[in-house]
Amino acid sequence: MKFATDTWALTRRNLVRYRRNPQAIVFTLIQPVMFVLLFVYVFGGAIQTPPGVSYVNLLIPGIVVQNAVFSAAAASVAVSDDLASGFTDRLRSLPTARLAPLSGRVLADTLRAGLLVVVIFIVGIIVGFRPVWSWGLLGAWILLMLIAFGFSWLAVAIGVSVRNPEVAQSAGFIWIFPLTFASSVFVPVATMPDWLAAFARINPVTQFANAVRGLTLVPEVTPAVGWSLLWIVGLTVVGAYISIRAWVRMGKP
Amino acid sequence: MPGATYGDPVTTELAVQARDVRVTYGETKALDGLDLEIPAATIHAILGPNGAGKTTFIRVATTLLVPTSGEVTVGGLDVVRQPGRVRDIIGVAGQYATVDENLTGMENLMLTGTLYGLRRDECRARAARLLESFNLADAGSRVARTYSGGMRRRLDLAASLMGEPKILFLDEPTTGLDVRTRNALWEEVRAIAARGVTVVLTTQYLEEADALASSITIIDHGRVVASGTPEELKSTVGEEIVTLTPVSEADLPRLAEVAGGDIVAGSVRVGTSVAGLDVILERVVGEVPLFAVSTASASLDDVFLAYTGHVAEEAGETADAEEPSAPRGRRRRRS
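From first to last, the protein sequence lines stand for chains U and B. Residue numbers 1 to 253, in my numbering, belong to the letters of the first sequence in order. Residue numbers 254 to 588, in my numbering, belong to the letters of the second sequence in order.
Don't take each hint at face value.
[Unchecked claim] 27 Å max Cα-Cα, derived DSS-like pairs, lysine-lysine:
| no. | chain 1 | residue 1 | chain 2 | residue 2 |
| --- | --- | --- | --- | --- |
| 1 | B | K282 | U | K2 |
| 2 | B | K419 | U | K252 |
| 3 | U | K2 | U | K252 |
| 4 | B | K282 | U | K252 |
In short, the hints are calculated from the structure, not lab data.
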């Protein structure tokens with residue numbers, strides 16, 4: 001009970017922080033919109049799509065995945081910021097439920113990603129994205145929040161491990177570029193050189209993007225949904241294990 | 254252990270007790286066998302230079318850091334075995350003023366209160382009362398980012414009182430504050446102690462320890478070098494401090510030897526009784542040519558110097574928490 005109360009109190013604190021920090025809003029909202037516009041209008045014309053599918057319909061489900069991952073990665077910096085500023089120490093000197101600072105962080109970033117994804121879907125629809133209005137959209141939305149949940153745990157693990165905000169800034173984002181670009185998010189994997197296509201096919205982001213495409217465009221539950229869920233479980237287990245272990249060991253010799 | 258102790262430990266209720274506490278990071282010994290007893294319902298100052306181990310001790314006492322060895326009890330509770338119960342009865346405010354600058358003053362206090370497990374209405378009432386008493390009522394609805402340094406410290410202090418702690422730890426509460434703000438904070442601390450809260454504060458300012466504390470522990474290199482009331486500590490170095498300046502700097506070692514004092518910044522300082530100047534001059538005159546002689550009543554500065562072998566920090570200087578210690582001075586002790 002104390003765990004739930006404390007988690008929610010800290011989730012709200014984390015969300016307020018994003019809302020009151022204009023820089024964070026710019027990063028969170030302007031950047032994905034720029035990406036949508038850039039890829040739809042600048043690069044889109046030059047990208048080969050399978051016959052009968054418009055590029056924007058392929059792109060938007062990919063971009064929302066990319067942003068769910070991006071948004072979650074912000075947790076690295078936030079966690080290390082709190083460690084460096086002494087805020088975490090204050091929480092630890094209070095009778096706070098032990099793991100509530102971690103769960104409050106992950107929950108806040110999951111909810112934030114959920115909101116961000118809705119905004120990008122709306123922007124997508126404005127520029128020509130045409131999803132099938134069905135249960136599939138709700139399913140995609142839930143899947144996207146689960147993706148953010150899994151990556152948040154990984155990001156928290158990075159933040160807790162590096163502890164320095166500047167290092168977290170690079171360590172928290174450096175893996176994101178290869179992961180989101182060497183995937184099916186922006187271009188069909190078949191157009192890549194073989195070695196890169198091989199990586200892109202096993203890349204979880206490819207599975208996520210394909211899963212969201214199936215859910216929003218057909219709608220159908222493709223095998224990619226199953227693979228996505230497996231990846232999410234894997235990310236959560238690994239991320240939570242590293243985070244919680246580092247957390248309970250904090251301050252011990 | 255030099256210096257006075259605090260009366261009979263059997264009859265005195267102790268708020269904090271530390272026994273042979275060691276904290277080692279690789280080669281560095283942040284705490285090197287610290288022993289400490291802090292009686293309940295007093296203001297106790299832990300005085301020491303940067304890197305002496307003050308912050309490390311506060312981190313151990315507030316359950317943030319498990320010591321390598323040794324035992325610390327706070328309110329009779331073991332900080333390693335019962336950290337949860339210790340957290341229920343302590344409040345902590347630090348030199349970094351760990352308020353969330355994106356939350357309003359009120360929200361900061363509400364968050365802290367929630368984490369203490371207070372009900373929502375109780376939380377709100379207590380927060381409003383604290384904002385009022387710390388002169389932050391008008392600023393309570395503004396985000397803390399807009400606060401001045403002094404306001405942040407006050408909010409930090411208010412937050413540390415949300416759980417109505419029995420024991421309040423203040424880690425360098427006035428470091429970096431201007432004199433007026435510092436004096437106001439001193440008043441707050443006195444008011445808190447007057448309500449029966451034990452206040453444990455660390456400081457590198459002798460003036461602060463002297464002004465606030467009824468007992469003082471001086472630590473250096475992770476160890477207690479002296480403890481007692483301000484008066485007891487002052488009396489250990491003598492009532493008067495005589496400063497002798499030789500004509501030639503080359504004579505300093507000789508002068509120190511003859512006068513029985515310590516070399517400090519081109520002079521020799523000797524602690525003595527009020528009538529002791531005569532005796533000192535008698536020994537020195539004819540041995541070493543003197544340029545100047547001055548006397549002053551002993552201050553905590555002199556105590557500090559006598560026990561740590563280096564001068565205390567100037568007030569107002571910003572301090573780093575626990576940097577590797579300053580060069581070790583020679584450690585000559587008076588008896």
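Q.
Let me make sure I understand: some of the numbered hints might not hold for this structure. Which ones are they, in numerical order?
A. Number 1 - this is the single hint that the structure violates.
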